[in-house]
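Starting from two chains that each stand alone, build the complex the way the hints lay out.
Chains as they are written, first to last, in our numbering: chain A, 1 to 157; chain B, 1 to 162.
Since the hints were made in silico from the structure, they are not lab data.
Treat the hints loosely; a few may be bogus.
Straight-line C-alpha distance at most 25 Å; calculated DMTMM-like pairs for lysine to aspartate or glutamate [claimed, not checked]: (1) A:K40 / B:D95; (2) B:K35 / A:D134; (3) B:K56 / B:E93; (4) B:K35 / A:D100; (5) B:K98 / A:E76; (6) A:K61 / B:E115; (7) B:K56 / A:E76; (8) A:K40 / A:D134; (9) A:K126 / B:E34; (10) A:K61 / B:D95; (11) B:K98 / A:D31; (12) B:K56 / B:E73; (13) A:K126 / A:D100; (14) A:K105 / B:D14; (15) B:K35 / A:D48; (16) B:K60 / B:D26; (17) B:K60 / A:E76; (18) B:K22 / A:D134; (19) B:K142 / B:E74; (20) A:K52 / A:E38; (21) A:K105 / B:E43; (22) A:K126 / B:E30; (23) A:K61 / B:E43; (24) A:K126 / B:E88; (25) B:K60 / B:E88; (26) A:K126 / B:D26; (27) A:K126 / A:D19; (28) A:K126 / B:D99; (29) A:K105 / B:E39; (30) A:K61 / B:D99; (31) A:K61 / B:E88; (32) A:K61 / B:E93; (33) A:K126 / B:E73; (34) A:K117 / A:D48; (35) A:K40 / B:E88; (36) B:K98 / A:E38; (37) A:K40 / B:E34.
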Amino acid sequence: MGLQQNFQTEPVSRLSLRDPVIVSPHQTLRDAIVRMREMKLGCAVAVDDEHKPLGIFTESKLTQLLAQNGSQVVGETIGTHMTQPCPWVELTDPIVYVLDAMQLKNVRFMCVVDAEKRLVGLTGQKGLIEFVADHFPGQVMVQRVGGNPYPAQREGA
Amino acid sequence: MSSLTPKDPDAFQDPLENYDPKVYEDPLEEALAEKTVSEICHEPFVTISPDLPVHKAVEKLAGLHVSCLLVAEEGKLLGVFSDRDVLERVALEFDAVKDRPVRELMTNNPVYVYETDSSAAALTVTAACGFRHVPVLDVEHKVVGIVSPQRVTAFLQQHFVK
Chain A
1 MGLQQNFQTE PVSRLSLRDP VIVSPHQTLR DAIVRMREMK LGCAVAVDDE HKPLGIFTES
61 KLTQLLAQNG SQVVGETIGT HMTQPCPWVE LTDPIVYVLD AMQLKNVRFM CVVDAEKRLV
121 GLTGQKGLIE FVADHFPGQV MVQRVGGNPY PAQREGA
Chain B
1 MSSLTPKDPD AFQDPLENYD PKVYEDPLEE ALAEKTVSEI CHEPFVTISP DLPVHKAVEK
61 LAGLHVSCLL VAEEGKLLGV FSDRDVLERV ALEFDAVKDR PVRELMTNNP VYVYETDSSA
121 AALTVTAACG FRHVPVLDVE HKVVGIVSPQ RVTAFLQQHF VK
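Next comes chain B alone, as it looks inside the complex (with noise of 0.2 Å):
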């Protein structure tokens, strides 16, 4: 009988073998739980230096069509400015603080990912934590990109099956 048979010491044996991997019931649940932010698309993005007037970074605003800038020095991340800070902090101040440093109005320590997390990680910042810009990461902390609401609903319309 082959249970009885000493095992080869030096023959392979795969602690993996008796692995079952996860099964999921939905490709989208699947592409949560196993693709990274980094397969989101979060390029291109725009950052600007925390030391820019308010008014140039409303320009830049309004001239690329985007929501949310990255403020950022030396490629860390400092904080954001978006149409949000627009509205709650600039609009009616305009030419109180159109000349002030960018620092100054944005906002500070924004719930950024990284590059590694899983995807469902982009969604819990808007879910759980209320903000649909989220920086990007990587494990230097360096900014490499901002994954926004469009790019997730792409996402999620990429793992539908069709």
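Next comes chain A alone, as it looks inside the complex (with noise of 0.2 Å):
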């Protein structure tokens, strides 16, 4: 089966999915800032009490922030600032549907639900290049990245 077909057939749940970093809207940028370094992730997810997301607070938008306020913005809430509503898709959905949202619409993460809309995941950019790289281990994990593309001394006798 070709990937074009894996894409269109298999469920977003195969791909490798990220635990989301997750906030409450009531918390400050700072609480989320701390918690994305630690997790080492571009964007934290507020949600409700139920744990559904409401919105997402991305590094981009933390850097347009930076950039119009200055360093007060990170002692204002995340429900302030944060994008809603949230790109999502369900864990059944066709892979199709992530690489979709990321070229029409610009997304760079997209939450993953469950059936009853709860946040289970996060996926995005690099879980879409994963799974190209998962199919294709002989093209893309054997690239040589970064050295000489000629040898600098003549090579043999």
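In structure tokens:
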């Protein structure tokens, strides 16, 4: 089965999902930044009492806010600055939904929810590229990167 | 019988006459193997000087709506400064670091690819090394572009069968 067909038939649950940084909309951006640093993740997801995603706060939004407002912004609440609605897919949706969202909506992260719309994970650009690499390890995972394109010294005798 | 006929020593014999080109089962696999990085869209890109103050670099990221700036001097890549650097090293320390040169807070020695590398190399940097933005250099080691995840996904979609 080709990769294109896999994209159309395999569910999102086959992607390597990340554990999201979960925050409350009442917490400050500082709290979210500390957690995002700890988990080495570029976004935090605000959820309600039922664990349903309310909005997402990303590192690119953080850059925008710092450029506009300076350091004071980190004391403000996530609820004020999170992006709503949060882009999401269900675990059972085909992976091509994620690919389309990356291309058409220019989003980097997508929340993954179960049938009750509760947050269960996070996926995004890296997850998609890792999925492609898993299909073609003979092409992707064997590449030399960052080396010199030609030898500095003549080879051979 | 022709096999016993002596060959004309001056006749041209193609050394690749028995060469069978590799057959790929998937058009995307063929693209990853046969197309080069230069065939993934890697322009436009933004370069900054390593002496630019951090707050100016942050304003540039925000104003141009890009996630990664290439830090270069006379065309040579020194590092990258991205949203992730802002998150990791700037956001909570903004007042203390905003006037420092970006060279002190950028990611040094980024993993890069050459424009002549196979397109799969750009995916390797993300899948194996974990970096989302991949600087592209020419054989003279000059910066010629950047491959972002959006550009990779656009490349993948180009090679899907419609």
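Comparing the hints with the structure gives:
1. This hinted pair checks out: K40 (chain A) and D95 (chain B) have alpha carbons roughly 23 Å apart, not beyond 25 Å.
2. A hinted pair counts as satisfied when its Cα atoms are at most 25 Å apart, and K35 (chain B) with D134 (chain A) qualifies at roughly 19 Å.
3. Distance check on the hinted pair: K56 (chain B) and E93 (chain B) sit about 15 Å apart at the alpha-carbon level, within 25 Å; holds.
4. This hinted pair checks out: K35 (chain B) and D100 (chain A) have alpha carbons roughly 23 Å apart, not beyond 25 Å.
5. With a CA separation close to 20 Å, the supplied pair K98 (chain B) and E76 (chain A) stays within the 25 Å bound.
6. In summary, the hint linking K61 (chain A) to E115 (chain B) is not supported, as the alpha carbons are separated by about 31 Å, beyond the 25 Å threshold.
7. With a C-alpha separation of about 23 Å, the suggested pairing of K56 (chain B) with E76 (chain A) holds against the 25 Å cut-off.
8. Distance hint between K40 (chain A) and D134 (chain A) is fulfilled; the C-alpha atoms sit about 22 Å from each other, no more than 25 Å.
9. At most 25 Å may separate the alpha-carbon atoms for a hinted pair to count; K126 (chain A) and E34 (chain B) meet this at roughly 23 Å.
10. For the hint pairing K61 (chain A) with D95 (chain B), the CA-to-CA distance comes to about 19 Å; that is within 25 Å, so the pair holds.
11. The suggested pairing of K98 (chain B) with D31 (chain A) holds, with an alpha-carbon distance near 21 Å, which does not exceed 25 Å.
12. With a CA separation close to 17 Å, the supplied pair K56 (chain B) and E73 (chain B) stays within the 25 Å bound.
13. Distance hint between K126 (chain A) and D100 (chain A) is fulfilled; the C-alpha atoms sit about 14 Å from each other, no more than 25 Å.
14. The straight-line distance between the Cα atoms of K105 (chain A) and D14 (chain B) is roughly 52 Å, outside the 25 Å bound, and the hint therefore fails.
15. A hinted pair counts as satisfied when its Cα atoms are at most 25 Å apart, and K35 (chain B) with D48 (chain A) does not qualify at roughly 46 Å.
16. A threshold of 25 Å between alpha carbons decides the hint, and for K60 (chain B) with D26 (chain B) the separation of about 40 Å lies outside it, so the pair is violated.
17. Our distance criterion of 25 Å between C-alpha atoms is met by K60 (chain B) and E76 (chain A), whose separation comes to about 23 Å.
18. Our distance criterion of 25 Å between C-alpha atoms is met by K22 (chain B) and D134 (chain A), whose separation comes to about 21 Å.
19. The hinted pair formed by K142 (chain B) and E74 (chain B) meets the criterion: a straight-line CA distance of about 8 Å does not exceed 25 Å.
20. With a C-alpha separation of about 23 Å, the suggested pair K52 (chain A) and E38 (chain A) falls inside the 25 Å cut-off, and the hint holds.
21. For the suggested pair K105 (chain A) and E43 (chain B), the alpha carbons sit about 20 Å apart, so the restraint of at most 25 Å is met.
22. For the suggested pair K126 (chain A) and E30 (chain B), the alpha carbons sit about 21 Å apart, so the restraint of at most 25 Å is met.
23. Between K61 (chain A) and E43 (chain B) the CA atoms are separated by roughly 23 Å; this keeps the pair inside 25 Å, and the hint holds.
24. With a C-alpha separation of about 19 Å, the suggested pairing of K126 (chain A) with E88 (chain B) holds against the 25 Å cut-off.
25. For the hint linking K60 (chain B) to E88 (chain B), the alpha-carbon distance of about 18 Å falls within 25 Å, and the restraint holds.
26. For the suggested pair K126 (chain A) and D26 (chain B), the alpha carbons sit about 22 Å apart, so the restraint of at most 25 Å is met.
27. With a CA separation close to 14 Å, the supplied pair K126 (chain A) and D19 (chain A) stays within the 25 Å bound.
28. With a C-alpha separation of about 32 Å, the suggested pair K126 (chain A) and D99 (chain B) falls outside the 25 Å cut-off, and the hint is violated.
29. Between K105 (chain A) and E39 (chain B) the alpha-carbon distance is near 23 Å, which keeps this suggested pair within the 25 Å criterion.
30. Straight-line distance between C-alpha atoms of K61 (chain A) and D99 (chain B) comes to about 21 Å, which keeps the hinted pair within the 25 Å bound.
31. Taking the CA atoms of K61 (chain A) and E88 (chain B), the gap is near 14 Å; set against the 25 Å cutoff, the hint holds.
32. The suggested pairing of K61 (chain A) with E93 (chain B) holds, with an alpha-carbon distance near 17 Å, which does not exceed 25 Å.
33. For the suggested pair K126 (chain A) and E73 (chain B), the alpha carbons sit about 29 Å apart, so the restraint of at most 25 Å is broken.
34. The hinted pair formed by K117 (chain A) and D48 (chain A) meets the criterion: a straight-line CA distance of about 11 Å does not exceed 25 Å.
35. Only pairs whose Cα atoms come within 25 Å are accepted, and K40 (chain A) paired with E88 (chain B) is accepted, the gap being roughly 9 Å.
36. For the suggested pair K98 (chain B) and E38 (chain A), the alpha carbons sit about 23 Å apart, so the restraint of at most 25 Å is met.
37. Distance check on the hinted pair: K40 (chain A) and E34 (chain B) sit about 34 Å apart at the alpha-carbon level, beyond 25 Å; violated.
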